[in-house]
Amino acid sequence: MLETLFWIIRRDLTIALRRRADIFTTLIFFVIVVSLFPLGIGPELETLRLIAPGVVWVGALLASMLALEQIFSADHRDGTLEQMLLSPQPVSVLVVGKVLAHWLVSGVPLVLIAPLLGLQYDLSWEALQALIISLLLGTPTLSLIGAIGAALTLGLRSGGVLLALLVLPLYIPVLIFGAGAVEATVSGLGGQAHLSMLGAILVASLVLAPLAVTAALRVAED
Amino acid sequence: MSSRLINWFKFSSPTTFYPLAGKISWVAAIIAIALIGYGLYMSFFVAPTDYKQGEGYRIIFVHVPASWMSMFIYVIMAGWAALGLVFNTRLSMMMAQALAPTGAMFAFLSLWTGSFWGKPMWGTWWVWDARITSELILLFLYLGYMALRSAIDDPRRADRASGILLLVGVVNVPIIYFSVKWWNTLHQGSTIKLNEESTMDDTMLTAMLIMTLGFWAYSIAVAMARVRTVILERERSSTWVRELVNEGR
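Note that the protein sequences, when read in sequence, are chains A and V. Using our numbering, the first residue of the first sequence is number 1, and each one after it goes up by one. Using our numbering, the first residue of the second sequence is number 1, and each one after it goes up by one.
Everything labelled a hint here was simulated from the structure, so no lab data went into it. The structure displayed is predicted, hence computed values, not measured ones. For every residue, glycine included, the Cβ atom is placed at its ideal position computed from N, Cα and C. Treat the hints with care, since some could be wrong.
The following label-pair restraints were derived from C-beta to C-beta distances [to be verified]:
| id | chain 1 | residue 1 | chain 2 | residue 2 | range |
| --- | --- | --- | --- | --- | --- |
| 1 | A | T25 | V | T229 | 40 to 46 Å |
| 2 | A | T47 | V | G37 | 51 to 57 Å |
| 3 | A | P43 | V | W122 | 46 to 52 Å |
| 4 | A | L17 | V | K119 | 53 to 59 Å |
| 5 | A | G190 | V | S115 | 31 to 37 Å |
| 6 | A | G188 | V | T124 | 23 to 29 Å |
| 7 | A | I132 | V | V75 | 44 to 50 Å |
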């Protein structure tokens with residue numbers, strides 16, 4: 001089972017590395033969205049520090065949503081997904097592998113670039129730490145929840161827009177606690193409680209999301 | 001005597017359920033009109049004026065039952081979806097489909113009346129408070145469910161995909177329900193408690209409960225009427241529907 005997991009992660013990572021442009025598109029989108037806010041709101045550092053957690057988190061949300069469609073769509077189009085579902089390996093392992101690979105490709109770069117964007121917003125060192133930890137805990141959840149939406153909208157005409165409609169409401173708790181952790185750190189309360197909630201949401205979705213994704217994939221490949 | 005008094009599975013087929021739904025719809029509609037009429041009379045003329053909020057509080061007679069219904073209908077829909085996914089029954093998915101617009105309407109009504117109440121009481125139309133935000137998410141979930149349904153052409157796939165979405169979204173309902181307890185924000189706590197004396201005048205409570213029952217009856221009436229059209233639409237190629245249409249009923 002573990003072998004399958006590693007195999008599927010390696011396969012997806014190899015594919016992603018051969019098409020590096022996809023990774024950079026997501027990342028550049030993230031950087032641009034976050035950089036647009038100071039231009040729209042004005043460069044006062046006081047205001048920027050206030051809105052930074054929310055802006056960075058909303059940017060991460062939108063960027064990770066941008067890449068969601070790619071989790072299954074290519075494999076669905078060339079029939080690989082169907083073969084994977086037919087294989088004797090448990091489907092949830094395949095799903096976890098694919099989601100993990102997706103997170104490594106689209107989530108981790110966001111986490112790595114986020115401190116730089118936080119500096120643009122004049123965040124303190126503690127706030128940056130909270131931002132990184134909250135993104136580390138939150139982005140895998142985004143990938144897991146997003147995979148449900150990606151599987152449900154697989155092969156539909158208006159898949160992309162519909163995906164946003166389905167997934168964004170489910171993202172809201174992650175957004176609240178993720179941005180809340182940074183905000184609480186900035187205001188000196190400590191983000192421990194928010195981070196614990198993020199961890200709990202991650203564990204819950206790690207258990208439940210693969211089941212939903214599996215069911216949705218079976219529906220799509222019927 | 002027959003060992004089975006009622007054959008529960010008889011009405012799980014759209015053919016036999018169709019005429020029954022029509023009857024239930026009529027009865028529920030009459031009950032709904034009576035209850036909502038009486039409930040509105042009580043809430044506007046009988047219930048006393050609130051000592052703190054004056055006359056403006058009367059919007060809760062619509063607001064609270066609507067909020068309850070919006071959450072409750074979502075849970076019912078998820079229940080139908082689970083039933084449909086497990087037993088592969090078509091009718092339960094049709095029921096979920098028929099309930100969705102009513103649930104969305106109640107969620108919207110709850111937000112709308114809430115903001116009407118919020119303006120005089122809190123001095124603002126909208127607050128980003130936990131309960132209001134989670135109720136808004138509920139409205140989005142309803143809209144997402146309906147959008148996903150209508151985006152999939154194959155009805156069987158639409159049934160099962162949207163059913164999965166319903167089950168995923170049901171985690172939001174307890175969040176709304178407990179939000180006033182978990183987060184201490186502007187939205188007030190519940191005044192009606194199951195296990196202790198509620199902090200409300202008796203006539204107010206009665207009026208609110210009558211309105212709730214009226215909304216129940218309304219939901220049943222509308223859902224039954226809608227499920228009939230869903231059945232007709234989805235069974236349009238079957239003989240019994242063709243005969244029904246030819247008879248002009």
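Each hint, compared with the structure:
no.: 1; hint: A:T25 / V:T229: 40 to 46 Å; result: holds, 45 Å
no.: 2; hint: A:T47 / V:G37: 51 to 57 Å; result: holds, 53 Å
no.: 3; hint: A:P43 / V:W122: 46 to 52 Å; result: violated, 33 Å
no.: 4; hint: A:L17 / V:K119: 53 to 59 Å; result: holds, 55 Å
no.: 5; hint: A:G190 / V:S115: 31 to 37 Å; result: holds, 34 Å
no.: 6; hint: A:G188 / V:T124: 23 to 29 Å; result: holds, 28 Å
no.: 7; hint: A:I132 / V:V75: 44 to 50 Å; result: violated, 38 Å
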